[in-house]
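Chains as they are written, first to last, in the working numbering: chain D, 1 to 167; chain X, 1 to 139.
Because the hints were derived from the structure by calculation, they are not lab data.
Hints are supplied without guarantee of correctness; some may be wrong.
As the list claims (entries may be wrong) - From the structure, some residues in chain X lie toward chain D, with a derived Cβ separation under 10 Å:
id	residue
1	Ala107
2	Ala125
3	Arg136
Every residue, glycine too, gets a C-beta built ideally from N, C-alpha and C.
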Amino acid sequence: MRLTRARAARARAGPGRAPAQPVIAEEFSPGLGLAGGALIGLAAAGLLLADGRIAGVSGILARSLGAARGDRLWRLAFLAGLPLGAAGTAALFGDLHGFAITPSPARLLAGGLLVGFGTWLGGGCTSGHGVCGLARGSRRSLAATLVFMATGFATVFALRHLWGGGS
Amino acid sequence: MRSLSALVCGAVFGAGLLVSGMTNPAKVLGFLDLAGRWDPTLAFVMGGALAVNAAAWAAMRRRKAPLFAPVFALPQANAIDGRLLAGSALFGVGWGLVGLCPGPALAGLLRGELPLYAFVAALVAGSWLAQLYTRRARG
Chain D
1 MRLTRARAAR
11 ARAGPGRAPA
21 QPVIAEEFSP
31 GLGLAGGALI
41 GLAAAGLLLA
51 DGRIAGVSGI
61 LARSLGAARG
71 DRLWRLAFLA
81 GLPLGAAGTA
91 ALFGDLHGFA
101 ITPSPARLLA
111 GGLLVGFGTW
121 LGGGCTSGHG
131 VCGLARGSRR
141 SLAATLVFMA
151 TGFATVFALR
161 HLWGGGS
Chain X
1 MRSLSALVCG
11 AVFGAGLLVS
21 GMTNPAKVLG
31 FLDLAGRWDP
41 TLAFVMGGAL
51 AVNAAAWAAM
61 RRRKAPLFAP
71 VFALPQANAI
81 DGRLLAGSAL
91 FGVGWGLVGL
101 CPGPALAGLL
111 RGELPLYAFV
121 AALVAGSWLA
131 QLYTRRARG
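In isolation and in its complexed conformation, chain X is listed as follows (with noise of 0.2 Å):
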């Protein structure tokens, strides 16, 4: 149950993506050029997306457990300290060099793009290695 629900609501994200034209790196492009031809569409699709999302956020908290998981499964970590900064700092120059960040380039697999497929691999190898520099890290 648990994974048919991850399922649907893996599909209706990409259904979104794609209807708001994120899955097309040459309009986040454009939302990044500031300086250009502007594309403001990516901002509505933030708003349009935190205000659903923030109504489900008010639900939650009157909420014990969701529906078919014992727990809420949060982020506990609340530190802005410069693993988070650098860590999206890199994230945005990558972001800007190509207009795509993980959902998008995930949600355009079945497009047989070959130039995606690369991306993804090298997404992939990206944070691997970053999980084995933090585990180093931390000793």
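So that you can see chain D by itself, here it is in the shape it has in the complex (with noise of 0.2 Å):
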């Protein structure tokens, strides 16, 4: 039903034209995106409640290296599970989303650079603003949150649709 509607809309909208309402793409996956939100929830609050520790993942990536020994350890085993849980969970219930990285090796690597860089400025991602600075009410996440969900939204938009080659 709702893979005849997109088709049906984008049809009217034309090759190549921005339809005037949201499409909604064939790949949504709200159950799973819940069900994944709730365990990446569960992972900051259990950082938090064992460890006493933000589940920022740039922070903990920035400060992994540079810190004294003791807050290092830490840091560098939380990094370490986050490929080793993607990985388990894809050997037990297969890669559900799949795979793909399409950008030009220029742009993965200034998208890379930016990224580091204006996390460090900004003091925080997806998950230390997005969501443990929001559950926690803290109105600095929720500004950091709003300005790269809104750059994020501009620069697809701008490469997607306004020079039309982006992929």
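Make the complex out of the two chains shown on their own, each in a separate frame, by following the hints.
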């Protein structure tokens, strides 16, 4: 049902023209999204209640190398857990959503530099500001989240709909 | 004990990223593409994570200390300043260019995908440059 509606709306909009109403992608997966989100929330809750730390990935990564010894090990352990948990889950249940990375090497490197630079300057990313900051009602994190969502939307809009050559 | 619990939390976090589909950059870009074929999944991921995590914050306020550490190490900053806004704006641009933020980038490291390694190397370099920059700005 959703599939056919999306196709029909796309046909009405015509190729290359942005549709007036949002067209929902076939890949939309609210159930798995909620379940995965709950796991992410559980992980952040665990790190808070067990270790007293915020599960902000960019900050944990940035401080994992320079930090004093006692503060380094838990960070490296958390970071190592990320790929282990993802790969382990994929081994058990399959690679549920696949993997596709399309940007050119130049765009990859520019994106990585901006994400690294921006998250340090702004003091957090989608996990630290988005998941943890919003959950504790931080106005600072709300401001950060609104800003990076806005520039994220704007960047993709510019790449896909203004210049048209993006992916 | 502290590192073991951090490892478990990291693994659960990584599992959540995979289950939710956020490890696939194309899916994240689908969320950021409001004017295209929009994939609202990321909003549901945030919703699920916030609901569970908000309960943890409520539990934390009733406790004096975490299980395995002496104190809760919470962020002290509360200023909404130019640094926060500029940094977040730059982060969003990088996120939109590729469809990856730090968590999903690291969670994919066992896939053996060369572009991911390039992205993570650039991310670490960018973070390092920012640390140099903020240190110098502070004098």
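Hint by hint, where does the structure go against what was stated? Just the numbers, ascending. Number 3 - this is the single hint that the structure violates.
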